[in-house]
Amino acid sequence: MAARSSGEPNDIARRLLDGEIAAGARAIRWLDDRDPRCATLLSAIYAHTGKAQIVGVTGPPGAGKSTLTDMLVSEWRGRGKRVAVIAVDPSSPFTGGAILGDRVRMARHSVDPGVFIRSLGTRGQAGGLSRSTHDAALVFDAMGYDIVVVETVGVGQDEIDVVNLAHTTIIVAVPGLGDEIQAVKAGIMEAGDIFVVNKADRDGYDATHRQMELILHLRASALPPDAPAVPLLRAVAAKGEGAAEIVDAIATHRVQLGEAGEFARQNSRRAREQVLALVRDGLLSRMIGMAADTVFEAVDTRQIDPHAAAARLLDTLAVRKVAA
Amino acid sequence: MNRPSGPIVSEGEDISREAQRWERETRGPALEGRTERRERFETQALKWPIKPLYTPADLDAAGFDYAADVGYPGEYPYTRSTRPNGHRTDFWTMTQVTGFGKGEDWSKRARYMLDQGLSGLILEYDLATTNGYDSDDPIVEGEVGRAGMALDSLEDLENAFDLPFDKLKYLMSVCNAPQPVNLAMIIAALERKGIDPADFVLHIVNGILIEYTCVGRYIYPPEHGLRIATDCIEYIIRNHPNWAPISIISAQLQPAKANPVQEIAFSLAIACAHIDAVLERGLDIDTVAPYINHFVVNVDMDFFEGVCKLRAFRKCWARLMKERYGATRPEALRIRMMTSPTTIALTLQQPLNNIARLGIMATACALGGAGEAMTTPLYDEAHALPAENAIRVGAAIQHIVAHETGVAETIDPLAGSYYVETLTKQMEDAAFTELDKIFAMGGAVKAIDTGYFQRALGREQYERNKDLEEGRRKWVGVNHLAKADEKREIEIFRLDDAMEEEQVQKVRALRARRDQAAVDSALEKVRQAARDGANMVPPCLEAVKTYATHGEICNAMRDVFGVHSADSQLMGI
Amino acid sequence: MATSYQRPLRVLLAKLGMDTHTVGVTIIGHALREAGMEVIFTGLKQTPEMVCSAAIQEDVDVVGISTLSAGHTRSLPKLARLLREAGAEDKLLVAGGVIPEEDKPVLEAAGVDRIFTMGSDTRDIVAYLNAWWKEQQSEEAA
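Protein chains in written order, with my numbering: chain A, 1 to 324; chain B, 325 to 897; chain C, 898 to 1039.
Looking at chain A on its own, in the form it has when it is part of the complex:
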């Protein structure tokens, strides 16, 4: 019987660059599992990335994000775009397990070859995304998907990593969920690129719309007058209403980013952040491998303080590098 996640990285890379779904899925699996083969894989595909527009979709539970994403996917498909969706849900901090149920609401696209839906658990990462989300987006980018949607729950101020990951972040609100959620934390309101009030046929829509208008107005007043207006749109995703306007706004935002050089800048910033994050991870794992235990013990017995301990570990690392 074939092994669980078999495959040779260059072969998988070649096949996914060709658009093969199973290969793309396997690649994401390796990245998610931090399989050693992912290094070779990434280097084989990296040159082919940098084109896709990453669209973040976030908002409180009950806002209908998945239904909205489902609707947008239909609209994009109608315009001939190939779309990938990464749906991220929290993993249990105790068991590491997760129930990933977002694709349920996108079931009608599950047999469309131009749509790829992938569910990921946060796997211990804070901020609402998994460590592998960015890499998964790169895989889809390399496979030639025009749009990569990243869908995540963003209730607290902590779950806004999607804002950094995406070129275009859509904040989804819904009437009547209560002021404390509508006031949606300052971070989100400042960072969102497009705002959508979903379930707009509900009671309370007008009040919610007004509230958001006000907040966006305040935000705009802090910016130069010629800065492009932040779209505030309405949708009734269950009926497919609002899709065209939202997709148009996303396309417009893409153009705006391109014209301002922002698209490339964001890609660059993201890549840099990823490199730094990987370096951080790498440093830590090297140190743990380096009998850091003795240093920790010294802290425990209060022979040295934490800062001194860190300095010691860093020095050791530097010494090793020099010696090498």
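Hints are computed from structural coordinates only; laboratory data are not their basis.
It is possible that some hints are incorrect.
[Said to hold, decoys possible] Anything over 12 Å on all C-beta distances counts as not near chain A; from chain C, calculated:
#, residue
1, F938
2, R971
3, R978
4, P1002
5, E1005
6, G1016
[Said to hold, decoys possible] Covered stretches of chain C, as calculated for chain B (at least 3 residues, CB under 8 Å):
#, stretch
7, 913 to 920
8, 923 to 930
9, 988 to 1000
[Claimed, not checked] Derived DSS-like pairs (lysine-lysine); straight-line CA-CA distance at most 25 Å:
#, chain 1, residue 1, chain 2, residue 2
10, B, K798, B, K375
11, B, K790, B, K811
12, C, K1001, B, K811
13, B, K798, B, K371
14, B, K807, C, K1001
15, B, K517, B, K798
We treat Cβ as the ideally placed atom computed from N, Cα and C, and that holds for glycine.
Once you have looked at the hints, place chains B and C on chain A.
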């Protein structure tokens, strides 16, 4: 000891001290060197701790007041009974599950039952129909006519209604998501047969909110589901006031493992969602509540949870109608319940044991007040023994409880029991706390939208299953006194390919010979009414008469309302 | 908590056909999560095509189908065939729910790897999946 006249629990404080003395001096020493058989004594579903002893001091602590909490039969708050004479004039109506509608020809079976002297029938439909599809839709392959009748068009119902209607007094129809289409078909079929709708009671279950909560047969998004349910209720109140437009089957929450407090709170919240929606149409509470007060409530094996749940249900409904809506008519304040032993307590293994279980649960129903009617399920789901015997046993159980035990000779005999009154009051309080929470989040539809009901039930399902697997719950025949080599299976009803094919051909032939222009025009009117917010029953009535099919009319509404996609929240995450 | 990186098992759970009883998948989904697995729930009213496509996209290790309908004798073999045709026969295919004894040999011959009838202890299911997973990983290492 002084006995001042006054409330029953005036000696509470003294008793409390005495109870502590008893604990110290009598019970404590008796426990020396021994352990109790359970680490923690708790009720089956609610997991509330059960003390060794309940006394008037507990009633005191619960703030119990006889007049306010218990009262008198047939009087607010109806805790003791909604009937002034309990069951001393008439027993509850005794009904029977007959294992019927499983792909057999419905009308053949219906005729047989009417001939046997039954006067009530239930119309159950296949999964194609209850999900709003025609028999030839590829998505329902394998389901046509399997779980019940295939109802594609008025023609099917006209054929099914070839019945002696003079014997039929009561017809119940279970078709929740497409309710206005179904209602229209029944009305049209009765018209075609020349039956006077005033001559019998049609009771539509109209239970869409429970479908969203845990059963799963829905079509449209919840706000539209509620709207068309309200259309049916309003239509019946205005046009067929002797009919019943809803049945809130709280019992359906049980397979989803709702505990008694959730059963009461969720189903009352659902009732309120319907009441609120109908009130918005210009009717008043004293008119509306008597139409919405139909509940089906089961008891499980925990005897006292069952008894207390029924008592608490009566009281909670009455309080809710009075306090939230200001209802004044007794018909509005009195709940109507059909009660039943629950099937989820029955085991596949050692089926004869289930007869004992049914007897116990039927007794709990009777002691809790039985309601308008009691149903006894079959003791053996697998039907290894002839169904006739199972039916006979079910009927006998009720007669034994009624005639041999004496529990129905006086009204609400368990009232005053320190444990029963404490537990009843605790359930009532907890139910209102939960209800307040649901109202605060915007009511039942909001609770469904945000997945609140589903998550709560999903947790219960997981926890209860763990209790069973880890031995905290003992279930005779399953994990206690189980027979090692016993192998039994639930009988499933097989597909009948020939029957499905026949039905498919029938509906296609119908489409070929009808006036398509008339159908198209009628369907457009359905869409328009959906858009306009008009009552959906009249345009559905017109459409069914053109022989537009069940699926076509449901689709016309799908075009306007959209669809509610399969819900990850049903998994209770 | 996963320390040295162990790949969590990815399990797809779905219901084929019109039956909407979800207590079984709910209990199993929770149990698998508690056991540290990632559960991808694709939902109700699925067709074999939808499940196969999802299984490939999610690169799951296990496909779990819950059925209380009588259609399983058609839909399960079809799903097994689709998975084979997609090159995914190495994924474990398990079924649970109401499946009569007499159907088991037919289903197993058609490619269903294991059947857990209703009432199966979730601990047995978890143990079975873990044992299978361990075997796969040691094969891989070899």
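A quick look at each hint next to the structure:
1. F938: 4 Å, violated
2. R971: 18 Å, holds
3. R978: 16 Å, holds
4. P1002: The assertion about P1002 (chain C) holds, with a minimum of 21 Å to chain A.
5. E1005: 16 Å, holds
6. G1016: 22 Å, holds
7. 913 to 920: holds (count 7)
8. 923 to 930: The restraint on the stretch 923 to 930 of chain C holds, since 5 of its residues have a Cβ under 8 Å from chain B and three suffice.
9. 988 to 1000: holds (count 3)
10. B:K798 / B:K375: 20 Å, holds
11. B:K790 / B:K811: At roughly 23 Å apart (the allowed maximum being 25 Å), K811 (chain B) and K790 (chain B) satisfy the hint.
12. C:K1001 / B:K811: Answer holds: K1001 (chain C) to K811 (chain B) is near 15 Å, not above 25 Å.
13. B:K798 / B:K371: 14 Å, holds
14. B:K807 / C:K1001: 23 Å, holds
15. B:K517 / B:K798: 54 Å, violated
In the structure shown, a violation is registered for the earlier hints numbered 1, 15, in ascending order.
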